[in-house]
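Assembling the complex is the task here: the two chains are given apart, and the hints tell you how they should meet.
Chains as they are written, first to last, in this note's numbering: chain A, 140 to 472; chain B, 12 to 275.
By construction, these hints were calculated from the structure, which means they are not laboratory data.
Glycine included, each C-beta is placed from N, C-alpha and C at the ideal position.
One or more of the hints may lead you astray.
For the chain B half of the interface with chain A, some residues (derived, Cβ under 7 Å), not all of them [said to hold, decoys possible]:
| hint | residue |
| --- | --- |
| 1 | HIS32 |
| 2 | ASP36 |
| 3 | GLU52 |
| 4 | ALA187 |
| 5 | VAL190 |
| 6 | SER191 |
| 7 | ILE197 |
| 8 | LEU199 |
| 9 | GLU256 |
| 10 | PRO262 |
| 11 | ILE264 |
| 12 | GLY265 |
Listed next, the in silico DMTMM-like pairs over lysine to aspartate or glutamate satisfying Cα-Cα at most 25 Å (straight line) [stated by the list, open to error]:
| hint | chain 1 | residue 1 | chain 2 | residue 2 |
| --- | --- | --- | --- | --- |
| 13 | A | LYS206 | A | ASP151 |
| 14 | A | LYS292 | A | ASP317 |
| 15 | A | LYS341 | B | GLU135 |
| 16 | A | LYS341 | A | ASP357 |
| 17 | A | LYS206 | A | ASP168 |
| 18 | B | LYS177 | B | GLU135 |
| 19 | B | LYS177 | B | GLU120 |
| 20 | A | LYS341 | B | ASP217 |
| 21 | A | LYS341 | B | GLU256 |
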Amino acid sequence: MVVGTPLLEVEDLAISFPQERGWVQVLDDVRLRLHRGETVGLVGESGSGKTVTAMTAMGLIGAAGAKVLRGSVRLDGRELLGLSETEWRAVRGRRMAMIFQQPTRALNPAFTVGQQIAEAVRLHLGLSRADAYKRAVEALDRVHIPNARERAKDYPFAFSGGMAQRAMIAMALAGEPDVLIADEPTTALDVTVQARILELLKEVQRDTNIGMLFITHDLGVIAQVCDRVSVFYAGQIVEEAPLDRLLAHPTHPYTAGLLASVPRPGQHRRLSSIDGTIPDFMHLPSGCRFHPRCAHAVHGRCDVTPIALEEHAAGTARCVRADELSLDGVEQR
Amino acid sequence: MTLLEASHLVKTFGRRGHRFHAVDDVSFTLAAGETLALVGESGAGKSTTGRLVLRLIEPDEGTVRLDGQEITGLDQRRLRVARRSMQMVFQDPYSCFDPRIPIGDSVGEPLRAHFRLKASERAERAAAMLARVGLGTQHLYRFPHELSGGQLQRVAIARALMLEPKLIVCDEPVAALDVSVRAQVINLLSDLQDELGIAYLFISHDLALVEVIAHRVAVMQRGRIVELADTAQLFEAPQSNYTRELLSAIPTIGPNRLSVRRSS
Numbered sequence: 140m141v142v143g144t145p146l147l148e149v150e151d152l153a154i155s156f157p158q159e160r161g162w163v164q165v166l167d168d169v170r171l172r173l174h175r176g177e178t179v180g181l182v183g184e185s186g187s188g189k190t191v192t193a194m195t196a197m198g199l200i201g202a203a204g205a206k207v208l209r210g211s212v213r214l215d216g217r218e219l220l221g222l223s224e225t226e227w228r229a230v231r232g233r234r235m236a237m238i239f240q241q242p243t244r245a246l247n248p249a250f251t252v253g254q255q256i257a258e259a260v261r262l263h264l265g266l267s268r269a270d271a272y273k274r275a276v277e278a279l280d281r282v283h284i285p286n287a288r289e290r291a292k293d294y295p296f297a298f299s300g301g302m303a304q305r306a307m308i309a310m311a312l313a314g315e316p317d318v319l320i321a322d323e324p325t326t327a328l329d330v331t332v333q334a335r336i337l338e339l340l341k342e343v344q345r346d347t348n349i350g351m352l353f354i355t356h357d358l359g360v361i362a363q364v365c366d367r368v369s370v371f372y373a374g375q376i377v378e379e380a381p382l383d384r385l386l387a388h389p390t391h392p393y394t395a396g397l398l399a400s401v402p403r404p405g406q407h408r409r410l411s412s413i414d415g416t417i418p419d420f421m422h423l424p425s426g427c428r429f430h431p432r433c434a435h436a437v438h439g440r441c442d443v444t445p446i447a448l449e450e451h452a453a454g455t456a457r458c459v460r461a462d463e464l465s466l467d468g469v470e471q472r
Numbered sequence: 012m013t014l015l016e017a018s019h020l021v022k023t024f025g026r027r028g029h030r031f032h033a034v035d036d037v038s039f040t041l042a043a044g045e046t047l048a049l050v051g052e053s054g055a056g057k058s059t060t061g062r063l064v065l066r067l068i069e070p071d072e073g074t075v076r077l078d079g080q081e082i083t084g085l086d087q088r089r090l091r092v093a094r095r096s097m098q099m100v101f102q103d104p105y106s107c108f109d110p111r112i113p114i115g116d117s118v119g120e121p122l123r124a125h126f127r128l129k130a131s132e133r134a135e136r137a138a139a140m141l142a143r144v145g146l147g148t149q150h151l152y153r154f155p156h157e158l159s160g161g162q163l164q165r166v167a168i169a170r171a172l173m174l175e176p177k178l179i180v181c182d183e184p185v186a187a188l189d190v191s192v193r194a195q196v197i198n199l200l201s202d203l204q205d206e207l208g209i210a211y212l213f214i215s216h217d218l219a220l221v222e223v224i225a226h227r228v229a230v231m232q233r234g235r236i237v238e239l240a241d242t243a244q245l246f247e248a249p250q251s252n253y254t255r256e257l258l259s260a261i262p263t264i265g266p267n268r269l270s271v272r273r274s275s
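Here chain B stands alone, though its shape is the one from the complex (with noise of 0.2 Å):
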């Protein structure tokens, strides 16, 4: 069942004589419990992507539907409510909390925000949260800075879900992590998937993590998407030429993925 549905998005910046087109006519649907992965270099319009989808900038052309509703038509009031199911998961996790409140606080906050509910009820909620995502109860009184690079984007990730979503952008998670915390949230993103059928926009420029965990993924180049395919499809026999060039560009520790594939 189709969730998401971006169709000929547009979206430029600077001033008349100087546009650059970040976004240009960009078109895609993503599944409930699918992940779509956005791929591309720096600059290619993945993060513009992702947040038009959202609304947290406005597209000059084209349309954005959530579960048939179209968010780009919604009011202020009406986008409100409808970003109750959609959310968004940051590269940087220090830069998404505030440093001077305590982490409990910042994960009950959007059912405050939303729903108003008791502090003492946000406070439970987001405990039982923390506790999915694999924090234990003594993080509730932390702050930002007290917790590691890879525990606070669980945190954030725990944020996220407090509405249950059916969608999250997320845009490079673990990109600013070591090695070791990288896969730990990876394999959480995968589990909350699994078991909540959440969709994911995930936008990456790691290839080889994408190749894991998408099950479709779409190649941007200068704003367009250049090729967009199942994953398994895309990584196996790549069909434009940037794709090629940026699978070869992989610094791999096995063997190489293109000779690997052609000879075999």
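In isolation and in its complexed conformation, chain A is listed as follows (with noise of 0.2 Å):
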């Protein structure tokens, strides 16, 4: 059990985006706790809301125009929204880093990996040009990119899909942060390329005590690296449990589908779906919004105003029928 102030907190976030019939609002009461040495995973499918938070968190989505309606996003206990641009600066990058799907279009074309993450240890900590080219070489040692200081003279096209996330997990290092948001960082890569840059990560976890955002819609990856799951659901947190809880014994109904859909090995010609498609977020039902697709759903209770995520004697959901539902998990060894 973590205890203390957490690293990263989230409270009652909500956010509206500027669409051509006024505002769309699509997240709604999101919660997080993250604490040093710990990975929290955002699962949901797209549009669920899991990316707005992680930009929400490092400040990054005043560029597309959204408006924070209401809610606090604090780092080790100090606010972070409504800070001016030039705070933002020495917070992002240095205090928060992030990588991304696509680490090749992260980079910059036009200069040697080298440069870039020299160009970021300088930045973020001050160094001249040499010492902080001295730290971007070491930084690619670090992360397992052989003959680091060959490599580090080459432009980003000389990199393979799995050595450039490698590139951009050194850079987001460089500055020393606290908080590391990985936005689908495998989403992109084989599965073999997959499996070493999720060991990599979890290594650079024992060995800084960073705290970690996994973001991802694969509940294999998240099995792999997240001590607790936040599951995204129409820009809400439905399901909020420890790994091994969530699989074992998903709360939500959603949880439980979602766990459902995941092949199986002796599974046989069918997966199990579940029926029916995302609300947009324009015409997002009354009450809870997976009860048009649920088939726990109960007319007048599930139907009506919206659902609260509470603690639950199952555990916390967004589900009024949290504690009268036993769901199927995923049996664990």
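What follows is the structure in structure tokens.
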């Protein structure tokens, strides 16, 4: 059990984006706690709010024209929402860093990988050019890029996807941040490469005690790296639990549906699916946002008033029937 | 009964001195109503193999036979006729439809191109096929951007079915879809196979998925098939080191696949 002030704490976060016909609220009541040395997974389907949450925590949503309706994001107890751009720059990269799905697109093709990492080091740590470059080579070595001194002189096109993601991790760590946000960092990679990158991230965490927010749609990946998991659906967190409990005893029907839809050894010909489709934000269902697709929905209870994310005996979930349902998870071992 | 027979396919890209063997001596057969999965990592030659089978690209060497007819030797006119029995479904459905043409017209298009059917008849058959893949008639007049990825992939499947093909090459058909929707599309493909006896050449990097839906699996690495076996056999007793490496890298939410098998 982790105690004390969380490293990163998000409370009651609500975000709107401008659309042709006014504002659309895409996040509602998002809460997260991340401690040092811990990995919290954000899992959900596209458009569910995982990335918007991360972008808000990094102070990057203003650029998209988004508006914070309410809520708070605190780093070591200090409020980040409302910081000026200058103040943000001291946080972004330095205290919190981020890696993305497409590492080759995040690197500038016109500079060598070494130069780009050195630039980040210089910016964050204020070292001289020569010292910063030395640090960059060390950083590449630390993420196990073979022959780092020579590879630092290469341009990004000469890096494979896996190597480029290692370079991005090196760059993200250059500012010695406390929080690393990884947004689908292995989605574009082959499985064997993915396995090595996940191993590297775990190793980095052991060495630096960094807190990690890990965004993915892949429950298999979540199961490899996370300590706790928040499940997103239509802009809200519908369940929050320690990894083992989430997998073995899901409390929200959507979580159970997601787990069931993952292909399993020995299954034949058919996958378990969740009927229907994700609602769009302009036409959200009344009551529980999942109720039109939920086999357990009860008329008059699930479709009337908005449901809160609450601690039930069964677990923390946004479901009025949490304690009545006994949902199947995945047998562990 | 053997429907498809690919023999010693070779395809190289690049110029002299920098030739790269994308597909290097690949042979396999596919029976009617069967699913053969081609798995492997990016650059292994899976998609190139799929395209060679349909002759969307020309092989340097080797032959493809469909129902005994050699596809590789056909002239353009005969190839066009042969293509009625083989179709393809791609990963990104949004890039497979003309954004300015209503869904119903796109689905009916193969009937115009191949059989010169009247518009009213095409619309009728398109509506019936959309219903078959679980989409109502209201979708006939919608445009691609108005549909979700999962819905549009169903439309792509409907269009592929219009000419009653015997073979569909599915190139990562669910890789771009969300988890809950992916299951719907996979189940649709399974149901269609059971009812219509279509064969699938199913190209995928997702081994966990392949284990559920394929009858046989061919593992590709650097342009070659390194292992080809019945699905259960491949997953229970992989013969090549590369297959073992791939299997052990699959992130699972249950117990690890190989360790389970070893202990059981």
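Results for each hint:
no.: 1; hint: HIS32; result: violated, 19 Å
no.: 2; hint: ASP36; result: violated, 23 Å
no.: 3; hint: GLU52; result: holds, 4 Å
no.: 4; hint: ALA187; result: violated, 10 Å
no.: 5; hint: VAL190; result: holds, 5 Å
no.: 6; hint: SER191; result: holds, 4 Å
no.: 7; hint: ILE197; result: holds, 5 Å
no.: 8; hint: LEU199; result: violated, 10 Å
no.: 9; hint: GLU256; result: holds, 6 Å
no.: 10; hint: PRO262; result: holds, 3 Å
no.: 11; hint: ILE264; result: holds, 5 Å
no.: 12; hint: GLY265; result: holds, 5 Å
no.: 13; hint: A/LYS206 - A/ASP151; result: holds, 14 Å
no.: 14; hint: A/LYS292 - A/ASP317; result: violated, 28 Å
no.: 15; hint: A/LYS341 - B/GLU135; result: violated, 56 Å
no.: 16; hint: A/LYS341 - A/ASP357; result: holds, 17 Å
no.: 17; hint: A/LYS206 - A/ASP168; result: holds, 14 Å
no.: 18; hint: B/LYS177 - B/GLU135; result: holds, 22 Å
no.: 19; hint: B/LYS177 - B/GLU120; result: holds, 19 Å
no.: 20; hint: A/LYS341 - B/ASP217; result: holds, 23 Å
no.: 21; hint: A/LYS341 - B/GLU256; result: holds, 20 Å
When held up to the earlier numbered hints, the structure conflicts with 1, 2, 4, 8, 14, 15 and fits the remainder.
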